[in-house]
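Undergrad: Listed here are the chains, written in short residue letters.
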Amino acid sequence: MRIEMLYPEVANLHGDNHNIVYLGQCRPDAEIIRTALTATPAFVDSAVDLIYLGPSPESAQVKALARLAPYRERIRELIEEGTAFLFTHNALEILGETLQTADGSEVAGLGLFPLRTRLEMLNRYSGKVLGRAGLGGDPVQIVGYKTQFSFVEAAEDLPGFLTAERGIGRNRQTRVEGVRQGNFIGTSLVGPLLINNPEFTKQLLAVLDPDTEPTLAHEDLIMSAYQARLADFTDPKRWHPWEQLES
Amino acid sequence: MAMGSLVCAPGSSNAYQGSKEGKLRKIRLYLAVWVAKLAFLAIRLMKRQGSHMPGYLALKVFPDLLAHLAKPKRIIVVTGTNGKTTVVNLLAETLAGEGLATIDNRLGSNTDAGVASALIQGVYWWGRTKADVAILEMDERSARRILPGVRPEFLVCTNLTRDSVKRNAHPEYIAWIISGGITPETTLVLNADDLICARIGGVDSRRVLFGIDRLPSDTTTPSGVARDLAICPNCDAELVWDYWRFNHIGHAHCPSCDFASPQADYRVTAIDRAEELVELDLDGRAGSARLLNDALVNVYNQIAVMAVLDRFGVATDRILAAFDHLSVPATRYSAQMIGEVTLVRQLTKGVVGVACSRAFEHIAAAPGPKALVMNIDELTDIRSDCENICWTYDADYEYLADPSLRRIVIGGVRRYDQALRLAIAGVDPKIMTTVAEERAGADLIDLTGMARVYNLHSVHNTVVTGDFVQARLLQRLREAS
Numbered sequence: 050m051r052i053e054m055l056y057p058e059v060a061n062l063h064g065d066n067h068n069i070v071y072l073g074q075c076r077p078d079a080e081i082i083r084t085a086l087t088a089t090p091a092f093v094d095s096a097v098d099l100i101y102l103g104p105s106p107e108s109a110q111v112k113a114l115a116r117l118a119p120y121r122e123r124i125r126e127l128i129e130e131g132t133a134f135l136f137t138h139n140a141l142e143i144l145g146e147t148l149q150t151a152d153g154s155e156v157a158g159l160g161l162f163p164l165r166t167r168l169e170m171l172n173r174y175s176g177k178v179l180g181r182a183g184l185g186g187d188p189v190q191i192v193g194y195k196t197q198f199s200f201v202e203a204a205e206d207l208p209g210f211l212t213a214e215r216g217i218g219r220n221r222q223t224r225v226e227g228v229r230q231g232n233f234i235g236t237s238l239v240g241p242l243l244i245n246n247p248e249f250t251k252q253l254l255a256v257l258d259p260d261t262e263p264t265l266a267h268e269d270l271i272m273s274a275y276q277a278r279l280a281d282f283t284d285p286k287r288w289h290p291w292e293q294l295e296s
Numbered sequence: 004m005a006m007g008s009l010v011c012a013p014g015s016s017n018a019y020q021g022s023k024e025g026k027l028r029k030i031r032l033y034l035a036v037w038v039a040k041l042a043f044l045a046i047r048l049m050k051r052q053g054s055h056m057p058g059y060l061a062l063k064v065f066p067d068l069l070a071h072l073a074k075p076k077r078i079i080v081v082t083g084t085n086g087k088t089t090v091v092n093l094l095a096e097t098l099a100g101e102g103l104a105t106i107d108n109r110l111g112s113n114t115d116a117g118v119a120s121a122l123i124q125g126v127y128w129w130g131r132t133k134a135d136v137a138i139l140e141m142d143e144r145s146a147r148r149i150l151p152g153v154r155p156e157f158l159v160c161t162n163l164t165r166d167s168v169k170r171n172a173h174p175e176y177i178a179w180i181i182s183g184g185i186t187p188e189t190t191l192v193l194n195a196d197d198l199i200c201a202r203i204g205g206v207d208s209r210r211v212l213f214g215i216d217r218l219p220s221d222t223t224t225p226s227g228v229a230r231d232l233a234i235c236p237n238c239d240a241e242l243v244w245d246y247w248r249f250n251h252i253g254h255a256h257c258p259s260c261d262f263a264s265p266q267a268d269y270r271v272t273a274i275d276r277a278e279e280l281v282e283l284d285l286d287g288r289a290g291s292a293r294l295l296n297d298a299l300v301n302v303y304n305q306i307a308v309m310a311v312l313d314r315f316g317v318a319t320d321r322i323l324a325a326f327d328h329l330s331v332p333a334t335r336y337s338a339q340m341i342g343e344v345t346l347v348r349q350l351t352k353g354v355v356g357v358a359c360s361r362a363f364e365h366i367a368a369a370p371g372p373k374a375l376v377m378n379i380d381e382l383t384d385i386r387s388d389c390e391n392i393c394w395t396y397d398a399d400y401e402y403l404a405d406p407s408l409r410r411i412v413i414g415g416v417r418r419y420d421q422a423l424r425l426a427i428a429g430v431d432p433k434i435m436t437t438v439a440e441e442r443a444g445a446d447l448i449d450l451t452g453m454a455r456v457y458n459l460h461s462v463h464n465t466v467v468t469g470d471f472v473q474a475r476l477l478q479r480l481r482e483a484s
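So the sequence lines, in the order shown, correspond to chains A and B. Reading the first sequence from the start, the letters are residues 50 to 296 in this note's numbering. Reading the second sequence from the start, the letters are residues 4 to 484 in this note's numbering.
Pulled out of the complex, with its shape left as it was, chain A reads as follows (with noise of 0.2 Å):
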């Protein structure tokens, strides 16, 4: 299995690259590419199982941009072809079409899914998500934690990450969450995702390598921990008023 993380030197924020190390965890034979911004990314000319890139500060998501930019095409490919991508945070607003800078101007993304980001640097959101996505197995329930100053509007008929059942969504007003396709996930969750969601994580070795039975390292914490804030997050009175959607 080959992970490759995309400029962990700038994408760090939150602790969201613990996506990788517990993966790395659970399958210790797994090849952990790290690739710096002033690299070619391994996916250019070889077989990568999944792409990662986390979350960074708003001048490194630029970069990022620029840096991407060459392989726009390649990733399409590979996004078609199957290959597994986790886009945690603001790494998503990358693949739109326009994202904001901190200053106010526009950027134009790399244009692979019909989405555009805008800031409220001055308003940043914090809050819980709830609902149910699956990969290649029967959905299972996700819990998340939101952190951000960006908010994703998207074309309705893209296909979301999940639908929260609790919380908002790409932004205040909707409900769907991320972006899901194929095997491609972009999600605004952070927390660590595959972390916090052991019954998804597995899903997601069995898509990675089908011909291995997946294994959860530290299976009986991470199953504790995941039920112990499932049962929190179904539980009405956890929710503040301002996780709700706005009419």
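If you're looking for bench data, these hints aren't it; they were derived computationally from the structure. For clarity, every value in this text was computed on a predicted model and none was experimentally measured. In this text, a Cβ means the ideal position worked out from N, Cα and C, and glycines have one as well. Please note: incorrect hints may appear among the correct ones.
To be verified - Stretch-level coverage of chain B by chain A, calculated; a stretch enters the list once three of its residues show a Cβ under 8 Å from a Cβ in chain A:
1) 79 to 91
2) 175 to 189
3) 238 to 246
4) 389 to 401
Fit chain B to the supplied structure of chain A, relying on the hints for placement.
TA: This is chain B only, laid out in the frame that chain A set:
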């Protein structure tokens, strides 16, 4: 020697004369001051404490209050992730010792309301200022609401490292917030060893830089999760560290272009912990002073204070002598020996991963077998705010994957998350016990054969859990000794 002036617009003694608009503004300003002063009076009569509400009310009455209120002629604002309160304390005490009438907000809020409260306390009912100098602590996120009105002579930024992900996002964001509030007359006093802090402001900003020269404990290989400046901002090449201290603190250069850490004007050139001395280079003048506290963050605070005092105009010999008498407030760390065992109480601020990393690093570095009672959930985060446990993955729990850690009891609502994080960090689950009731850890932990026992708690549970666990551990260790 108060150098007061009547309430007036900045830079203009007759701004309120003439126009109807000016007169209305003057009325609102007086009204705001009086409302705040009455609020202070009411708080005192109720024998309560509060420095936020008076300023909050004043700003409601007159939102431009900070710009138009009469202020001391000299203002120092202090901000940064760590050390704000310490620096304000040290500056206030030193400048008061110089015979100046000072005002500050060190016992109160550091938002715009807190700053307004402090400045209003520094004027008489009719607006004349009582003080020569204001020393104001500023919440980083409040910079754009405070700096344009206050227009300080000096803005000190101690450092900018990761803090609460929900409030502060990341250090670059905080640098952006602060930079957006800086006015041209302000001299920036910045940490040269912090490449994010050192670069706040604009190209024309006046800068004074402080730092600590290479220390024996420094390395050249960064480690840890929170590395916020790993690449050259100009060409993206990975920075080479001449010396690395923690997070993005140290001295670096780009191997591909001319980008490098700036040289500090005010430097600690050596720390002599045995003699409790710091050797100094104060803008070209060598000297030494008493070491205030051996925690590195406090050495940075000390040299920052020296830089401000020197630029403020305090004589060098008086700056050096001032540290003979100054002290830093009690730290959030205490250690005591009970027989052969050291009992350590350490506030380990949940939600702030960087603070936890420093605590864990300190634990790992201590000698001997250790046991931990760990209650660092931030419950307030769940009840009154929106929980986000991602901070645990922004903290270097890996320090605790050390053979000297023999037993850990983890308590609290998120005990499984904490235990999982420890397991992912490499801590053997066999040495961990989880328990829902936080205080139960004090009895569950096996103290046999331990050289050090730690009581780690967060901010919200300092009294309910921290005090209880401390007392119970103390009792058990005394009984065993």
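Undergrad: Please go over all the hints and tell whether each is borne out by the structure.
TA: Hint check:
1. 79 to 91: violated (count 0)
2. 175 to 189: n = 3 at 8 Å, threshold three: holds.
3. 238 to 246: Three-residue rule met by the segment 238 to 246 of chain B, so holds; n is 3.
4. 389 to 401: Holds: 10 residues of the segment 389 to 401 of chain B have a Cβ under 8 Å from chain A.
The structure does not agree with numbered hint 1 stated previously, though it agrees with all others.
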